[in-house]
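Participant: One-letter residues, chain by chain:
There are 2 protein chains.
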Amino acid sequence: MSIASDVIRGHTDTIILAQLMQGDSYGYKINRAIELRTGGEYELKEATLYTAFRRLEQMGCITSYWGDESTGARRRYYSITPVGEQAYYAMLSEWDTSKQLLETLIRPHQSS
Amino acid sequence: MSIASDVIRGHTDTIILAQLMQGDSYGYKINRAIELRTGGEYELKEATLYTAFRRLEQMGCITSYWGDESTGARRRYYSITPVGEQAYYAMLSEWDTSKQLLETLIRPHQSS
DNA sequence: ACAATATACCTCGTCTGTCAAGGTATATTA
DNA sequence: TAATATACCTTGACAGACGAGGTATATTGT
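If you read the protein sequences in the order shown, they are chains A and B. Heads up: the first sequence begins at 1 in the working numbering, then just goes up one per residue. Heads up: the second sequence begins at 1001 in the working numbering, then just goes up one per residue.
Hints should not be assumed to be uniformly reliable.
What the hints assert, rightly or not - Cross-link-like lysine-lysine pairs, in silico, DSBU-like; alpha carbons within 35 Å at most:
hint: 1; chain 1: A; residue 1: K99; chain 2: A; residue 2: K45
hint: 2; chain 1: B; residue 1: K1099; chain 2: A; residue 2: K99
hint: 3; chain 1: B; residue 1: K1099; chain 2: A; residue 2: K29
hint: 4; chain 1: B; residue 1: K1045; chain 2: A; residue 2: K45
hint: 5; chain 1: B; residue 1: K1029; chain 2: A; residue 2: K45
hint: 6; chain 1: B; residue 1: K1045; chain 2: B; residue 2: K1099
hint: 7; chain 1: B; residue 1: K1029; chain 2: B; residue 2: K1099
hint: 8; chain 1: B; residue 1: K1029; chain 2: A; residue 2: K99
hint: 9; chain 1: A; residue 1: K99; chain 2: A; residue 2: K29
hint: 10; chain 1: B; residue 1: K1045; chain 2: B; residue 2: K1029
hint: 11; chain 1: A; residue 1: K45; chain 2: A; residue 2: K29
hint: 12; chain 1: B; residue 1: K1045; chain 2: A; residue 2: K99
Claimed, not checked - Now the in silico label distances, taken between C-beta atoms and shown as ranges:
hint: 13; chain 1: A; residue 1: Q58; chain 2: B; residue 2: W1066; range: 46 to 56 Å
hint: 14; chain 1: A; residue 1: G39; chain 2: B; residue 2: G1040; range: 54 to 64 Å
hint: 15; chain 1: A; residue 1: S64; chain 2: B; residue 2: E1057; range: 40 to 50 Å
hint: 16; chain 1: A; residue 1: G72; chain 2: B; residue 2: E1057; range: 35 to 45 Å
hint: 17; chain 1: B; residue 1: D1024; chain 2: A; residue 2: P82; range: 22 to 32 Å
hint: 18; chain 1: B; residue 1: R1076; chain 2: A; residue 2: S5; range: 27 to 37 Å
hint: 19; chain 1: A; residue 1: G60; chain 2: B; residue 2: G1023; range: 47 to 57 Å
hint: 20; chain 1: A; residue 1: G23; chain 2: B; residue 2: A1047; range: 36 to 46 Å
hint: 21; chain 1: A; residue 1: S5; chain 2: B; residue 2: A1047; range: 15 to 25 Å
hint: 22; chain 1: A; residue 1: G40; chain 2: B; residue 2: A1090; range: 46 to 56 Å
hint: 23; chain 1: A; residue 1: D68; chain 2: B; residue 2: T1051; range: 44 to 54 Å
Because the hints were derived from the structure by calculation, they are not lab data. Don't be surprised by glycine CBs; every beta carbon is placed ideally from N, CA and C.
Construct the complete structure from the given sequences, taking the supplied hints into account.
Facilitator: Rendered as structure tokens:
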């Protein structure tokens, strides 16, 4: 993968919450959706993904339940909570702020 | 500080190199310049800053030398190398790519 | 029939970057 | 003479990412 993980780091939660804003989903599908949306350029590592689920659930941002698939592998579905929605909007807002800040700091500049 | 460090994380090196693209400078001054440019919204923690200097020097991106101040505290100046300049441009390019990618992934969207 | 692949979940241990807390030393200002 | 500003530094803890490993079911190819 071409994108350094340190640049994405800290956005994993936002990415997952963005997916869950569309409705309940499960790990594997979320990762496929991410892959699809980025044209195969990016996907979360499984370990990262499931770590994030645990973290988000503990923060009260998501809840989970087992699907009732009668066939195939079992799926654990995740649902975003009101707390999660709030957190999501806050993260979006913070992204906008820090994006501006970074643009200011990393572009060539002169004086001071 | 209002900006979550995890969002900035991974950009420390780029920020420092951007400063050094303007010419040689030293730690304290670089941090003051960052503070100035962001209107006081952001500054690197000292431990982070000096860790980054060590890392960048080891990567061959910067070199350092002691200033010849006859008064006041001694200063260690840093200079960006050709390797560092190349790395800087690569980081800028990666920022553009990952910024696009993130925009795609974190904004509200429908269907998959 | 059997292997390979896809779907789907999970954990453990390591690595890396950040940073709180602590330290040193000199110069200026109150 | 105490506080603040300038200027450097290290240590240890912490958190997030992820490589490597594991389990189990369903489908597809040969």
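Participant: What are the numbers of the hints that this structure violates, sorted from low to high?
Facilitator: 5, 14, 16, 17 and 22
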